[in-house]
Amino acid sequence: MNKQHDYYQARAARQREMAEQLSGSAREQYLTLAAMYEALATEPKKPEESPREAKVQVPELQPEPEEDETAYLQRRAREERARASNSDDPAVRRIRFEMADEYLRRAEAAKVA
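The numbering of the sequence shown is the UniProt record's numbering, which starts it at 1 and goes up by one.
In short, the hints are calculated from the structure, not lab data.
Ideal Cβ placement from N, Cα and C applies to all residues, glycine included.
Watch out, some of these pointers could steer you wrong.
Claimed, not checked - Have a look at the derived ranges for each label pair, beta carbon to beta carbon:
hint, residue 1, residue 2, range
1, Glu67, Arg16, 54 to 64 Å
2, Asn86, Gln62, 42 to 52 Å
3, Gln62, Ser25, 41 to 51 Å
4, Glu98, Tyr72, 13 to 23 Å
5, Asp88, Pro65, 52 to 62 Å
6, Glu64, Ile95, 22 to 32 Å
7, Arg27, Arg78, 26 to 36 Å
8, Ala39, Arg78, 39 to 49 Å
9, Gln4, Arg83, 17 to 27 Å
10, Glu66, Ala113, 35 to 45 Å
11, Glu28, Leu61, 56 to 66 Å
12, Glu64, Ser87, 47 to 57 Å
13, Glu69, Ala91, 51 to 61 Å
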């Protein structure tokens, strides 16, 4: 076929030879390497695409919907409550719950305004 195919075939054969001399997990590792080299040797290459020219598909980023002040403050309150519940320190937990309450108070004030 080509030089690359021959190279990978030779590497696979060498890994199998080494695996014959071993046992257990070391043997399995060499057999796995041999299978990987064998797969590389038999993998068809597309002539029109080289790895350098392959185009990467980038998903189109959708703009996030704008968050109003009330939703923002409510989200921050939920985040602070979650952080408070994850804290082992009672003082930190108390402060975080107070911060969450303040965010909720501001969210209610923003609804009224």
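Worksheet entry | Unmet hints by their number, sorted upward, for this structure | 2, 5, 7, 9, 10, 11, 12 and 13
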